[in-house]
Each structure stands twice: as structure tokens, then as C-alpha cells.
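Number of protein chains: 4
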Amino acid sequence: MIRLGVIGYGYWGPNLVRNFNATPGCVIMTICDLVEENLAKAKQSYSFVKVTKNYRDIIQAPDIDAVLIATPVSSHFTIAHEALENGKHIFVEKPLTLSVKQAQILVDLAQRKNLKIMVDHTFLFTGAIKCIKKVLAEETLGKLFYYDSTRIRLGAFQDDVDVIWDLAPHDFSILDYLIAEKPLAISSQGVDHFETGRINLASIFLYYPDNFVAQIRLNWLAPLKIRQILLSGQKKMLVWDDVEADEKIKIYDAGVDIKTSDNRRDILVDYRVGDVLSPHIVRKEALEEEAKYFVHCINTGTEPLNNGQAGLRVVKWLEASDLSLKNGGQRIAL
Amino acid sequence: MIRLGVIGYGYWGPNLVRNFNATPGCVIMTICDLVEENLAKAKQSYSFVKVTKNYRDIIQAPDIDAVLIATPVSSHFTIAHEALENGKHIFVEKPLTLSVKQAQILVDLAQRKNLKIMVDHTFLFTGAIKCIKKVLAEETLGKLFYYDSTRIRLGAFQDDVDVIWDLAPHDFSILDYLIAEKPLAISSQGVDHFETGRINLASIFLYYPDNFVAQIRLNWLAPLKIRQILLSGQKKMLVWDDVEADEKIKIYDAGVDIKTSDNRRDILVDYRVGDVLSPHIVRKEALEEEAKYFVHCINTGTEPLNNGQAGLRVVKWLEASDLSLKNGGQRIAL
Amino acid sequence: MIRLGVIGYGYWGPNLVRNFNATPGCVIMTICDLVEENLAKAKQSYSFVKVTKNYRDIIQAPDIDAVLIATPVSSHFTIAHEALENGKHIFVEKPLTLSVKQAQILVDLAQRKNLKIMVDHTFLFTGAIKCIKKVLAEETLGKLFYYDSTRIRLGAFQDDVDVIWDLAPHDFSILDYLIAEKPLAISSQGVDHFETGRINLASIFLYYPDNFVAQIRLNWLAPLKIRQILLSGQKKMLVWDDVEADEKIKIYDAGVDIKTSDNRRDILVDYRVGDVLSPHIVRKEALEEEAKYFVHCINTGTEPLNNGQAGLRVVKWLEASDLSLKNGGQRIAL
Amino acid sequence: MIRLGVIGYGYWGPNLVRNFNATPGCVIMTICDLVEENLAKAKQSYSFVKVTKNYRDIIQAPDIDAVLIATPVSSHFTIAHEALENGKHIFVEKPLTLSVKQAQILVDLAQRKNLKIMVDHTFLFTGAIKCIKKVLAEETLGKLFYYDSTRIRLGAFQDDVDVIWDLAPHDFSILDYLIAEKPLAISSQGVDHFETGRINLASIFLYYPDNFVAQIRLNWLAPLKIRQILLSGQKKMLVWDDVEADEKIKIYDAGVDIKTSDNRRDILVDYRVGDVLSPHIVRKEALEEEAKYFVHCINTGTEPLNNGQAGLRVVKWLEASDLSLKNGGQRIAL
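Chains as they are written, first to last, in the working numbering: chain A, 1 to 334; chain B, 1 to 334; chain C, 1 to 334; chain D, 1 to 334.
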């Protein structure tokens, strides 16, 4: 029985608690938050837990094995570091830290202490991603050309991070999981309409080996909610529309075959448009799957796919995005 | 009665001829194409026209007042230049030329000769753009934040131009028409998946004064056809979905009011979501409107809104895109 | 403080309890169900309630003021009758009873005892219906022509009632609420594909005064989920698409004006197509509103709009539908 | 070379002429219409044809082999009859005639004269129907449960026929083509909102052997254009959405297995929801296919699938619909 402490019971913490509470093999011991009202809610829903305003009551508790960290990003490093130092496994909200340097320290520390870090890259545990992973494993799409993601909606302005640090971790972790190769360079554009010091609209372009590219469009100020990813290959093309209730994934038997002749100007283009298949996706809460997986990884010593190294890579690309932004969108080698 | 010659009767030429033929105040005299079969088709549909394989039969004809040029882009400059030299008004497919230098020569020549240049920026003559122009004139949207366009589909690989020179003229001419300010800088990313020498997927970011930005996503290799433009302002937000049969335009009474306090980290965000209005758009073929307008401009001496200068600005931004692409997406000042 | 007992904690009961539990001015005292497991769940979520397998523990309890009845339809009458006899107000799932005769007895009994009956016609408490009610009150649509409802999906075969008794109460209660006139006649078609004794696909047509008609298409065996209502008038037309996440209601400024000349064969049709407005609908759980309203009605003595009489009318139309079905779709006068 | 005369060049006639003119093996000789302006248009587009206001110029012409009849329905019988009497094959708009009696006379006459009748049931020549026919032939759907068609839009009020005679021929001809069994009985409801003598909204229910049913919802007064057909079977379910530009047909691997136990009240329902497949439909104008088929049938003596008998069956069901309407929706045996 893995004994859990939860630090942060604001927006996302209750989701963690609800799902881990329903997961066999673990038990929630203590919940920490700075806001009295949040603790009252926690106590009301889970009368058996202890509550505290001092996160060290969790981190230093001898009867706690692992800590779920759902605090603002700026506090991740300090709390995570102390938790590891105290011998606790950690489950940390994305992004793991505010810098590569911090992430590396955590990764090294966890390794030294033989502890698990799991970063909450929730999308990896959706039915949709499992389906796409399978499609790619079966080489249904052929050689991949591009990943094109749009993640826009009205609202959810964060006062902690900008739109890239808020939303790009979703795409970065998906790319990290799906694409074996890692990006060579990154270029980011963005704008801070309200001069809050944090951009609210951004466009990211990642260059991979062999002409694969990824582009990501992020926007907190859009009237529509769009969460759409195109993943195109030589043989087939896939679209994941996460706003759709049904038919979230469609696989298009469509493509273009291009033959260039000796005379370079003559391109022979052969279009192909065929059936569209929407594979059935089992509806399950991703976090429920992820909670089980965390327990499983600790119990079996399995290295999580969304481990500290994965979290570190995501932070690395975020840092590079920042650097590109600061340099007028210049391409930053990774 | 304006007497017209048409040079190029391949893909787009027949559309020009069909619409100009139905336009009062003009008559099509001669059609030129290099392909025998195309001329046969022209003759079959319009038994009264002369046909020729030599474009100079049109350009030098004393009984022709204006020339419609629907040839590959690389030939625009030569044909247009000769036509102007011979005292003909010209209507040229987009983009006007392959370089700013060429475009400038045409603009200067037309001015000297007191002739009209009209560039076929067809979208400006759609009901949708007229509606948006009116919405902006009435300041319905408030201070503008961004223009975000997606223009993707499967196919239509051009062997003449790349995806930017093919599709960006649509957005550039729309931006030129709708937005009074002109862009300060441009940044472009792209990829040439088939190593044809022409990129087939691109992402363009334009920086305007006062934090207005435009982003444009272009793709010849997408399984879905998307033609969607978001235009967001402080007060309202507009979406133009050109693939929709009805309700092409929606105006969202939605927005975000942001108040930054002294403590810069505290952002007070006030969301607003209200009614959605889809104004009725009259369905008319844009080219029909444009043909009438060309005749009108020549007859009345009116300077076309899509004149040589407009065409030149579009080419200028295309050139800057190319330069950015060649420099790894570097921001190019305009 | 109104003290509530809940009878039936299977599919819908937990929704009632969750909403009434969050409603000020009432408290849930006891929950009854025949299934041990259901009672355990109730106890786990609401540790303060008493649980029982005997509904008379609720009906005869002196410390209970009102009873929520969420049992199978066949048991509604008996339980409701006993509850009223024992001086309890009742809140009953739809349909109120299995016959007009039963419903009339309950209505009479409640009146004699000065108790409230409220039938759970949940849709009346949605933001959408409030919006439509307002649109009709303002005579936006003009003289009404028809109501056309499609309510289909895969599944939810009931072993208690057929597709008409399951789904038509939604439309009947909506019609009863929105349309001042009552239907003159009803005609129903249906089919029982699996020979279970209960039809699973039905089509109902209601004839109202002055050429207003309502048609309702019900289907438990459809691959798509459609919940769409068209409500058309002389001036405007409204569509309520309840499956849409946003823009559930659209008001079309569209119509047809028809002038018949003396020569009856000549019809002059004048089409009108204008803007489409999607009014903002506040998202709130309908049942939460309904729970507050039940408490309000009891406290203030207000007669609920979804009172026993309304429930009785719905049952009357259900009975007439059955009669029509049994007579090959014959039109049954009401 | 089959020599064609065309009678009626109003709304649909030009489509016939355009397609037959492009069909090898036939030539359009003469076009007849009562309106001078229509004839002028015909002459302008097809300078080689003769035009006339007297249909007998076509029917009695020795150099005409077949007559295309696109006149108002009320004149079909007279013209068709004379054409057959004069030894011409006929292609007649739907519905074939205004009565079964008339249709039977034409069928008998054509047989006696060894001439072909083809009724313009255009939908049978769409890619969608060919796809569905194939799906049914392969028994993909299993035992069929129902056909459910919605055919609504704003407008197109006919002053010749009511909404059933205008639109139901589409569904009746599709049913006649797809479903081997023929309906046993029919029930129709409808309303004539403008008291023009012609109903503008209707609902038709057809009863087939073995619990297969078809329902058809027709409406000239709807703000939305819907053309959707559901065809559900024991194994899979198909939806044809003809308003969709792409993915017109979807095949749902979904269904319900129902086992009734001895105790009739206990139904064991087993839901199945799986992949959705949208087969690629070749885009071709249906009328082009039909024109070729007409020429083919005459040349080879093949009996058209949409022959006079098929046209007669459609008229028979229309007559039965009328009878049901006149009798308050009563079920009429066929």
C-alpha cells in the first residue's frame, strides 16, 4: 500500500485526489494547501485524510511514500527537491520545473536515491494517444511528414506561466512519446497583447531530422475551442480532434506521391483519396490510468515513460522556445 | 465597350472568360494559349472569339483595350510589361510578379502610361470580405489583436511556385485590404518534404505596430480542407470559415478584459462570453464582382483597390518570407 | 428546512440526491433502495443519511416533509399515493403514472390534502428552454407553424417502458410548457424490432388548432445521438441542438411568405434568409434549478409549472399514443 | 447515334441537356419550351439545336428517337403517351405520372411498342447509392431494421405538387432500389400551413414484412437543409448525410443484441460500439451517369432499373400516401 501526500489542492489537486483515491494499492494520507477553504473542501470530501498548511508535514512524514505535487510551477523545484531528499517518490504537474538546470538536479537526485519521478503528462494516458501509438507502431502512416497541433480557446490566462509554458508541454510530451527522433532546432513567435510580461498567443516550429517538422499554435484568446492535431505520413494521414465527442481520431487513406523528373521543374503529382476510418476509442479518464501506472511503477520498479528525463526534455524545449522568442524567432539548435 | 484579350486558358483562364463574358460593357475578342486543346475548348464555348498561340497577337492588336493575364507566374512580368508598353490595361493573376523589382517596374510603367493594373486578389470580392470590412468599419471588434489564418488541403501542388507564393497572396491581400497598418516584420518557417525545391508546408508570422500580429498556416499536404480565419479584437471576435456552406462568418460577443495590478504578477482576468451572430452573406461569385469592377475602374478612371501597388505590397511580403525562410526563420524587417 | 426522503437510488436517484443535497433549505434524511449495494454507495457519499430497504420507513416517518420518487414507473402510483396519504409532498420521476386514471387520483388526492406534486420534467429547467420561452414570449418567431423533435441514440433500452413512454415525456412536457394551445389529436407509428413487447422506434404526430403540428421521432437503435428540435414560425425559425456543446440554440431570420392569388394554382412565394443568432445560454445543471424550485414551491405555496396536472396531461398524451399505435396509427382525438 | 428531343427547358431541362449533350452516342436535335426566353437561352448555349414551342414538333419528328420530358408533372402523361404512340423512347422526370392508372397505361403501351421508359430517379445514379447497394449486397449491415430519411430545407415550394409528390419520389425510388421486399402498408401525416391546397410538411411511415420499417420526414419550411438517411441493421448501421461535402457515408460498427429471457420482462441488452468507416465515394454528377445509362439501355435493349414499372411503384406509394392523408393518417394496405 503506497501512502500518498498531496501538496496543492487548488484547481488540479482535487482531480489527482479523486483519481488516486479510487486507485487500488495506494492511500491518501495528508493533503496540504495554503488556502483554508481548499483544506475544508478536501476534508469534507475525504473525511479520513489529514490536512495541513505546511508542506513539510508531508515531505518529512515517515508514513508517506510518495508525494503528488500540484502547486504553481515556480514552487515545483523546491518541493520536489525536498521530497526526493526525504526519500519520497514524486508525481509532479507539468512542466516539471522552470529550467533545465533544475530538472537535471531532480533527475540526478532521484537516480542517486533510487526514487521515481513521474511528470503529469496526462495526454499520454488518453485512449486517443494509445490508439495513435498503435497506429504508428504498425507503420500505418508510413514515413512521417509533420505534426501540426492547434490548441486554442478563450481563457485560462495563467498568472504563473505564459501560453507556451502552459500549453506546449502537452504537445512536447506527445511528440516526445510518439516520435523516436528528437528535434534538432526550434523557432517560436509570440505576442503579449496585454503587456503582462507573459505571451498569450504563440506559434512554435520544431525541426526534426529527415524533414519531419512539428508546428504548434497556442492561443488563450480565441473565441473557439480547438484541440486538433494532424499527423501526416507518406501512406496515410491522421487527425485527432479532441473536442469531438465521438470519432476523435480519423485515419485518412490519402496522400500525395510525387515523382520529380530529371527536369526539375516537372513534378508528377499523384493524389490519392480513399476511405476514412475512425477507430473506436475507449472512453476512460486519462488520470485514472495514470494513477494506476504510478502505483505500478513504484511497486515494480518500472521506469515511467513520463519520467524525469521526459519531463527534462520538455523543459529543455520550453527553454529553447523562450530563447527563440527573445531572439525574434531565431532558430535555436537543440 | 472594353475589348479584352485573354492570355492563358488553362486552369483559371476559363473562369475569367466565363465571368467577363457575362459582364456588361466588355467583350472578349481573342484568347491565347500554347495548348491546342485549350484553344479548341475556348472556341467551342465561345464561337465568336479569335484564338491564337501567339500572345503578341493580343498585345499588339489595335482593337484590344485590356489584357487578362492568366499564365504561369514566371511569365507575368514579360507579358504584363509588353501589354502596358502597348497601351493596354492589365488584369493579372496573383501574385503580380516574381519580385518587387519587377512589380515596381510595372507600377511605374502603368502610371507613366496612365493605364490600370488590377491584380486578381479574388477574395476581396467575396461577400464574406465585404461583411468583415463593414464590421471593422463599424468598429464592432474594437482594437484588433490578431489575424490567424489556416489554409490547408490535400493537393494542388504547383510546379511553378511554392506553397507560400501559391496561397499566401490570399492572406496578404486580405490583410492589406482589411488592416490599415502595414506589417513591420515577417518570419517564415517551412519544409520541402519531397525535395522539389519548393516548400509545401509553411507557417508565417507577421508583426504589426501596437502588438497586432498575423499568423498564416499553409499546407498542400493535409487530409482536411480548412480555410479558416480568426480575427479577434478587444470587444468581439470574428471567425470566417470558408468551407462552411452557410454561416461562413460568426461574430462572437466574447473577450477577455485584463487588469494588471501594481503587483505585476497579479492579473485580474474578466472573461466575457455572449451571443454569437452569423450575418447573412449574399452568395455571389467573387470573380463576377471583380470583372464588373475592372470594367468600372477603366471606364471611370477609378484606381482599383487591388491595383499594382497592392500587388506590389503582396510581392514584397512574399520576398520577405523567402528571405526569412532562407535565414532559418529569422525575423525580416519590412 | 424541508426534510426529504428519497425512494430509489439506482440510475437517477443519485442525481436527485446530489442536487437536492446542494440545495439550501432542504435536507436529505433517508434514502431507500432494494439493492444493498446502492444503499452502501449512498451511505459512502452521504454519511449523515439513514438508509432503508423499506419505503414505508420514509413514507410514514413523522420527520419527513417531502418524498422524491425515483423508482420504476410501474411503482410510481402506489408509492406516490401512500406518500400523499401520509401528508408528504412528492417529487416524481416522469412519467407520473402508467395511466390517466392513476394520475387523476394523485392530482385529486394532493389537492384535497393541500400537498404539492412535482413531476421531474427536467428539460423545463434547462437554460435552453428558458431561452426559448423568452423568445416565444417576445413573439420573435411570429405565428408558430410546427415543432419537430428528433430524439435518437444507441441504447438505453428500458425493460420497464417502451421508447414512447421513455422519451416522449420530454417532448410532451416541453410542448405543454411552450405551447398555450393543447393538441386536438395524436397519431403514432412504431415498431418493436426485437419482439420484446415494447416498441423501440416511434414516430408521433400531434395535431393542434390552427394548423400547428408537432412531430416527434424517437429511436433507441440509432448509431448517432441526435437531440434536435425545430420550432418554426411565420417570422423566424429556431433550432435547438442539445448535442452541441456551444451554440445550442440558433434563431434563423428566415421564412417564407406565401400569397395565393385568385387563381388558386398560382402561389407567390417570397423567401427570406437573413442572419443567424445564437443567444448565449448559461450553463447550469437543470436539476439544480429544479431542486431549488421544488423547495421554493413548498415554502411559498406556489403551484409548480410541472405540477400534477402537467404530469397528467403528459400521461394523457402517452395513453393516446398507445391507443393510436394499437389502431394502426389511427388519429386519436384528445 | 440516338437523336433526342427535349420537352421542357425551365428548371431541370438545362441540366438534362448539359449532361446528355456531353454523353457519347446521342445528339440533341430539338428543344421545346413554352417560354420564349428559355428557348433563347437554349439556343445561346447550344447553337446547333432547333427550338420550338410546339412539343408535337418533337414527338412527331421522324428524325427523333427518344424524348426527354422535363415539364410539370400534370403534363407528363399526355406528352409521354403521345411520344410512345409515335414510337419514341422516353426519359421522364419524377414522378412518372399523377396516378397509377396513367402510369400503368404508359407501361403497357411501352411494352406493346417495345420502347423504353426511364424515370429520372436521379439519386440511384449517385456514388453514395452505388456504395450503399454494394454494402447491402455484401450483407455488411445484417438483417435490416429500418430506413429513416429526413429531407428538409427552406423553400422550393412547388405550385404543381405538394411536398410528398415533390420529395418522396426520392426516398421511394431509393427504397424500391435498395430493399428487395415491397411495403405492405403506408401511413402519412401532413399539414398545409398556407392553405394552398398542398401540404408543405409531411411524415410518412412504411410498413414492410418482417418488422422492417421506413420513415420519411419531408419539409419545405425548415431553416436548415438536412438530407440524411439512416439505414440500420442487426450487424452495422449506415448513415448517408448528403449535405456533407466529404464523408457522405459512414458505416458504424455498432448495434444492440437483445436476449429476452423466459421471464419476458427481463431483457438482456448487449451494446456494441466500434469503429466508424467512411468509404470513399467517387464524385461524379449522377445525371451524367444516368444519361449514359439511358443511351446504353436503348442501344442494348437493357431494361432500365428505373423503368416504367419502378416509376409506377413510386406513383402507387404516392397515391397510397394521399389516401392515408385524406383518412387522418390511417394505415393503407398496399
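Any given hint might turn out to be false.
Since the list gives no way to pick out one identical chain from another, each pair is judged satisfied if it fits inside one copy or across any two copies.
Unchecked claim - With a Cα cut of at most 25 angstroms, we get these calculated DSS-like pairs of lysine-lysine:
no.	residue 1	residue 2
1	Lys235	Lys50
2	Lys259	Lys101
3	Lys182	Lys284
4	Lys53	Lys130
5	Lys225	Lys235
6	Lys326	Lys133
7	Lys43	Lys133
8	Lys130	Lys143
9	Lys225	Lys143
10	Lys225	Lys259
11	Lys134	Lys259
12	Lys316	Lys182
These aren't lab readings, by the way, just hints derived from the structure by calculation.
Tested hints:
{"no.": "1", "hint": "Lys235 - Lys50", "verdict": "neither (55 angstroms within a copy, 47 angstroms between copies)"}
{"no.": "2", "hint": "Lys259 - Lys101", "verdict": "neither (47 angstroms within a copy, 33 angstroms between copies)"}
{"no.": "3", "hint": "Lys182 - Lys284", "verdict": "neither (29 angstroms within a copy, 44 angstroms between copies)"}
{"no.": "4", "hint": "Lys53 - Lys130", "verdict": "neither (38 angstroms within a copy, 44 angstroms between copies)"}
{"no.": "5", "hint": "Lys225 - Lys235", "verdict": "between (30 angstroms within a copy, 18 angstroms between copies)"}
{"no.": "6", "hint": "Lys326 - Lys133", "verdict": "neither (34 angstroms within a copy, 34 angstroms between copies)"}
{"no.": "7", "hint": "Lys43 - Lys133", "verdict": "neither (39 angstroms within a copy, 41 angstroms between copies)"}
{"no.": "8", "hint": "Lys130 - Lys143", "verdict": "within (19 angstroms within a copy, 34 angstroms between copies)"}
{"no.": "9", "hint": "Lys225 - Lys143", "verdict": "between (30 angstroms within a copy, 22 angstroms between copies)"}
{"no.": "10", "hint": "Lys225 - Lys259", "verdict": "between (39 angstroms within a copy, 23 angstroms between copies)"}
{"no.": "11", "hint": "Lys134 - Lys259", "verdict": "neither (30 angstroms within a copy, 34 angstroms between copies)"}
{"no.": "12", "hint": "Lys316 - Lys182", "verdict": "within (11 angstroms within a copy, 35 angstroms between copies)"}
Figure legend: structure checked against the earlier numbered hints; hints not met, in rising order: 1, 2, 3, 4, 6, 7 and 11.
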